[in-house]
Amino acid sequence: GHLSITVKETREKPELNLADVGFGFSQILPLVTELWWLSSGKGVQRRTEEYTPPVIFVIEQPELHLHPRWQAQLADAFLVAIKMAREAKVDLRLIVETHSKTIINRLGHRIVNGDADCHDINVVVFDKESVEVPVKVRVAKYDEAGFLVNWPYGFMNPDII
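Positions 61 to 221 (our numbering) are the ones given, in order, by the sequence shown.
If you are wondering where the hints come from, they were derived from the structure by calculation, not from laboratory data.
Note that the coordinates shown come from a computational prediction; the quantities given were computed from them, not determined experimentally.
Every residue, glycine too, gets a C-beta built ideally from N, C-alpha and C.
The reader is advised that the hints may include incorrect statements.
Stated by the list, open to error - DSS-like mimics (lysine-lysine), calculated; alpha carbons at most 30 angstroms apart, straight line:
no., residue 1, residue 2
1, Lys201, Lys149
2, Lys201, Lys143
3, Lys102, Lys68
4, Lys143, Lys161
5, Lys68, Lys161
6, Lys102, Lys143
As the list claims (entries may be wrong) - Quick list of simulated restraints, FRET-style, between CB atoms:
no., residue 1, residue 2, range
7, Ser190, Lys68, 45 to 53 angstroms
8, Arg71, Asn173, 18 to 26 angstroms
9, Ser190, Asp80, 44 to 52 angstroms
Input sequences plus hints: build the corresponding full structure.
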């Protein structure tokens, strides 16, 4: 009477019980399942044959409890979902709120390798210098070499005490 969900990273590796792979993986599984559902076009309501409204999928801090290697693979999954959606004629737009250097760097890496287009990815930085000053919103973009343009100096660097 017991059921378990097993996961397998690659064909060569053994299956693992979801309960044994860490909390982050179990938290991310519903997210990637929903991404697959939307990007395949199955979860999208089409108004007409010619027009399907954009699908906006908002994800808050998906990197929580994930090993950096899995964070990088999650960034890859975002790119695969966008590609699948385009093939299914779905205008899938992801808004990902993250503090992950790994995700940011992986997207740049994928651009330089030709796996993503620099014009398809924006990074919006919300900078709050103090309580008295309004939030500054800055749009950073990747260039063709995968580097961020208009990135605030020292943004991801912790202060050394």
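Structure-based check of each hint:
The suggested pairing of Lys201 with Lys149 holds, with an alpha-carbon distance near 25 angstroms, which does not exceed 30 angstroms. Distance restraint check for Lys201 and Lys143: the Cα-Cα separation of roughly 19 angstroms lies within the 30 angstroms cut-off, and the hinted pair is therefore satisfied. At most 30 angstroms may separate the alpha-carbon atoms for a hinted pair to count; Lys102 and Lys68 meet this at roughly 24 angstroms. Taken as a hint, the Lys143 and Lys161 pair is honoured in the structure, with Cα atoms around 23 angstroms apart against an allowance of 30 angstroms.
With a C-alpha separation of about 26 angstroms, the suggested pairing of Lys68 with Lys161 holds against the 30 angstroms cut-off. As the CA atoms of Lys102 and Lys143 are separated by approximately 15 angstroms, the hinted pair is consistent with the 30 angstroms bound. Between Ser190 and Lys68 the beta carbon distance is about 49 angstroms. The supplied range of 45 to 53 angstroms therefore holds. Taken as a hint, the range 18 to 26 angstroms holds for the pair Arg71 and Asn173, whose Cβ atoms sit roughly 23 angstroms apart.
A hinted range of 44 to 52 angstroms for the beta carbons of Ser190 and Asp80 is consistent with their spacing of about 45 angstroms.
Of the numbered hints given earlier, the model fails none.
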